[in-house]
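Quick mapping for you: the protein sequence lines, in order, are chains A and B. Each position in the first sequence, counted from 1, maps to that position plus 3 in the working numbering. Each position in the second sequence, counted from 1, maps to that position plus 36 in the working numbering.
Watch out, some of these pointers could steer you wrong.
Below, simulated DMTMM-like cross-link-like pairs (lysine to aspartate or glutamate); rule was C-alpha separation at most 20 Å, straight line [what the hints assert, rightly or not]:
1) Lys101(B) with Asp211(A)
2) Lys529(A) with Glu108(B)
3) Lys276(A) with Asp191(A)
4) Lys657(A) with Glu108(B)
5) Lys524(A) with Glu108(B)
Just so you know, these hints were derived from the structure itself, not from any lab.
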Amino acid sequence: MKNKIISRVLTALVVIASAIVWQSCKPKAPATVSMGDAASKAFVPPGKYDEFYNVVSGGFNGQMSIYGLPSGRLFRIIPVFSQFPENGYGYSEETIPMLNTSHGFVPWDDLHHIALSTTSGQHDGRWAFANANNTPRVARVDMKTFKTVEILELPHSGGNHSSPFITENTEYVVAGTRFSVPVGDKTDVPISSFKENFKGYISFISVDPADGKMKIAFQLKTPGVSFDLARAGKGKSHGWFFFSTYNTEQAYTLLEVNASQKDKDFIMAVNWKKAEEYIKAGKGQTVKAKYAHNEWDESTHTGVSNIMDEVLQLDPAELKDIIYFIPCPKSPHGCDTDPTGEYIVGSGKLAALIPVFSFTKIQQAIANKDFEGEFAGIPVIKYEAALHGEVKKPGLGPLHTEFDEKGNAYTSFFVSSEIVKWNVQSLEVLDRVPTYYSIGHLSVPGGPTAKPHGKYVVAYNKITKDRYLPTGPELTQSAQLYDISGDKMQLVLDFPTTGEPHYAESIPAEMVMPNSQKIYKLEENKHPYAALGEGQAKVERKGKEVHVYMTAIRSHLTPDNIEGVKLGDDVYFHVTNLEQDWDVPHGFAIKGANNAELLVMPGETATLKWKPLTTGIFPFYCTDFCSALHQEMQGYIRVSPAGSNVPLKFSTGKIEDQSSGAGQ
Amino acid sequence: MKTMKYLIGASLAAALFACAPDKPVNTEEKDLNKSAVEAITDPTKGIGAVKNVTLNTPLEQDRIKRGLSIYEMKCLACHKLDGTRIVGPGWKDITKNRKPEWIMNMITNVDVMLDQDPEAQKLLELCLMRMPNQNMSIGDARDVLEFMRQNDGEK
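Here chain B stands alone, though its shape is the one from the complex (with noise of 0.2 Å):
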């Protein structure tokens, strides 16, 4: 019963999701809100308010800190840093695999990325399981980017 309530509400918590972050987010991540809009150009990106993405080398010390303390309390009871699935897949070369963009939405937009997003559709029909919403901010996917990039061996 639950599972159907989800998937009928799916697409009106993202809508409330988007029009209330929770967090207050940096002005870089404002101008990426100001542009959600804006049609999706690249499929690649996944579906969500985040529409580019700067990298910057070397890693970003407290950033990785911070996505660090984000995995373990919010993460890691699903996803393992090596390759291995549990209830989620392992992620090992995950940012080698896919855009930043389509991490931090899968993470910040997750409802409507697994009923429209063709590639999270096919992680839901491997793992049967929907991953939760974690109440993330643009600012904490970032942040857990970045220890995601640190994970797969960037410096």
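With the rest of the complex left out, here is chain A (with noise of 0.2 Å):
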């Protein structure tokens, strides 16, 4: 009796130690910190806008996607890199070459970081760029459309991890690799063989300031390491770019050890403005390459896709004052600089300290070649001859930096999973808050441009375990806004994301909103298949093609009787949408399909191909409930066998008579 007692007091001991150490690992209980005012501060009455657009990554998805900041309300999800069956983005014959590569056709990629484009360093409110880390691409979508209208493919990159980071005046976009790999001829090589044949390449793609293009200006040829983000200078360091890099050790197998054997890496500071000098000095070299350019056009609605076949690139080992490397510690993620453009902040993720580093200080160096040794062939700037000062202490595994317009730093911690505010001149921590759980990248409004718009914070976390309700093993992904207008920061809002976010950017609405386009115009249609008004509907034979020239207005299909198709025919369904009012898609659907459905905006022309694998009959319809008569927006399309006499025909609102033997 006595034993056992003992040894239920024991064992309650037991639990209740092990409950003290496990609570004092865990971050505080959300209950204590979200608290007061909180619900008021993201509450946006319902008729009510947002005052921010939250431009998104949605990691593996592939795609961006539309929040309201403060509510967290999901707008949108834009298909970027992967195909999107809500609206058919990659299915659609017009969207298909949207996603070719080199390889050939890819439908799904990994969309990590947002750019938004600026002008004098500051938001402009035209586009948002985005990049596929598997196969390398940069997109450009639109923000009057909100749609990918570029894809850019990037020869030599193994992985475009590093990217996109936009100059000042979006001048270039870049794209540093992930992985280092062998490229040109001698690609057949040994694994082993890294230090001899792995190089590693940045891309920088110009943006044609007028509509946007995108074309890759040059390629830098750096030593075999590995790029993860950049930041470009701003202000007195404009003409310059910033790249975290990791595995100078150039491991080549488990990285998770043998690229984390140095006490540090490099951030490598690039004088782009040089590499347009020797380009202009004709120092660039011409090298074959295969990549895609694939470009939308918003006049025929349609996607066309470019195999390109060389690039100009520039070899900084040769080309002297191109690049620069700064010891920075322990394999650094975040290499941002902050609003006047003096200050570069690295954030090694392994490490308990961050380096701030000083533009001016770093102009001295090179100047007075402060260096330290080469590293293939690159100079080496001094650490300290860089460095404008550690923050101490300032929690463990610093991943990312962004500021506010008040002269503060937000540095997301992932592993001890926390947002840290420091004081940029001062270096001092002025508060810190925790997150729920292991924060990836965080987000201030304008915070990586010359002007923050500030006000909030949000953390962009890996982990949600128990915040939201289970949804067995595949959880929800997660932000959390934090209000940062005081002086201390406060937690005001959980809200859930589609996809993985990685790096988001936030931008005043009125930026927006105004340029939001609400139809295309019928008159600007140039589709060469679309039927502009119900007279132009008709159904064409080509050979063993079939062209249905369909129109759709609430609420029917014209032509809606369809006769004449045979087995072995292509079906293409050019679906034009007469709607010119905001808000009224139509949809297209035929039973069978093997390949998806359209979703199709009023003015816009859009195409399902269709192949029949059996005769009878077929009924097709509109997805999109679109008025009172939604039900009836339907019709019917025959297919008989091959080699049939059934004559091609086609007909709306018109009643056979059947006493002709019709219905035979």
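Each of the two chains sits in its own frame; use the hints to bring them together as a complex.
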């Protein structure tokens, strides 16, 4: 009996003790941090608009999503690098070319980072750029239509992680490879020949200031390391770019251990104005390369994919003064320039301090040749010579830093799961708040620009665990909104996100909303198969292809009776939405389609290819509820055997006289 | 759901439309816009920016040509040129039964008309389909009106 009691007491003590230990490792319970007026700060009354558009990467879903801040409401998912069943992107004949690459059609990629276009270092609300991490590409989304309008593939890249970061006036979007790889003629080499054969490439993509069109202006050939993130200089450091690197150990296996050996990796400073000079002086070398350039034409509503065959390269090991290395502790992830352009914050993800470099000091060190040596032929600046100072004991595992308009920095800490606010000048830690859990990137509206909008910081977390109702093994991903308008950061909202949010940017609603396009004008529709009015609806046979020029308007499809299609035919439904009013899409689906459905915006034309596999009558209908008579918006197509003599015919609203034998 | 959204958003949409015409308008039409704030005196003219339309005889052939192509692109799907109703009413005799101002307001200010004009509401009850805003300027509507006059046998 006594023994039993003792053992029970002991068990209880052990349980309590372990609970205490466990509690101390776990961040404080949510109830103790979110309180007071938090709800009212995130509350946007029904029918009212949010203050910011929050443009968020979808990570492994390959898409970009648009939320409102401070409400956290999801408005739209923009398909970029993945097919999207909701609107037919990557399925319709017009959009398939957008996902073409030198490897052929790639239906699903991994989108990590967002860059909103800037002019004079400030948001201009024109475009959002995004990277495909797996099959290396950069995309441009038009902020008028919230549509992917251009995708450019990157040759010589093994994985486009350090991308898309932009210069002050969106002169360039950069794309640095995560994997160094062998390129050119000599690619069938032993993996163990890494040091000899593997190279890292960084592409500078020029952006046409008028229409945003992208082109690889030049590539920099760099030593075989991994590039992680980057930021352009701004203001006084405009003309420079800063990239974080890891695996300067040049390991090719078990990087978890082997790429974490050195005390310091590098931040790579690139003088891109110098690179431009070399290009002008004809020092660039044209190299064979195969990559796709896909462009969307808003007048034909069609994407076109061109395969390019060469690219211009510069070799900074031979052409001096383009790049310099700056030692930075422990596998830096974030590499962020403050709004003035003077300070560059490195975030070593295995470090317990944050080094802040000074652009002025870097320039002095270069002028004085204050180097500690070379790495693969590139000068390495002395750490102390470039350093403004270190933020001491800020937390564990700093990842990424953004800035407010008051001279403060906000750094995410993955390992210690918190956001730390500190002063850029004094390097003094001012405040810290826990995140739930394991924050990756964070985002302050305008945080990477010369003019932050401030007000909030959003944490994009890697783990949600117990924060939401569980949905089996696969849980929602999440973000958290903190009010930073006061001295102390305050958690005001948790909101779930679609896909895995890596990086995101926010822009004031008034910079985007007035330009948002409502419809496509029929008068401007130049699609070769558009039926601009019901009188142009028709069916044409071209050999084994049957082209249906179909119109959709509330609430009928024209033609809605089609006969004369035969087995072996490919039927193309070119559906033109004749509506000219905002928010009246029509859908199109046909029974047994192995491909997809369509969603067609007002004034737009989209094409679904359908190959009937059996004879018979196949129904089709509109899939987007459009009016009280939406359910009536339907039709039939008849498929006859190959060689049948059923004539090609089509109609809408025509009642046939069955006494003539038409039913036979 | 979408229909509900339409009903709720109708007046807002109309307000936006009134503030931001898509196409340049000629001077006559600008004058019409200026008087848009004045109270409607003649309820048979409908509700909207169009207060007074001057009809000329003979018909203006260039307007008829433009009106026909607009009709084919944006109206034909729902309106026949004879008297039969398909989605919307047929157009035969419309210019004899409605004031020109009413017709043009219906085309350019359809959401407000459907919400407030008794005649437009009667048509909605009959057709049970809200006539869509087809993003037409007052100039477009005037062209369509001229085409309707021709369709009704005017010379």
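Verification of the hints:
1. Lys101(B) with Asp211(A): With Cα atoms ~40 Å apart, Lys101(B) and Asp211(A) exceed 20 Å; violated.
2. Lys529(A) with Glu108(B): 16 Å, holds
3. Lys276(A) with Asp191(A): Roughly 35 Å between the alpha carbons, so the hint for Lys276(A) and Asp191(A) is violated.
4. Lys657(A) with Glu108(B): 19 Å, holds
5. Lys524(A) with Glu108(B): 15 Å, holds
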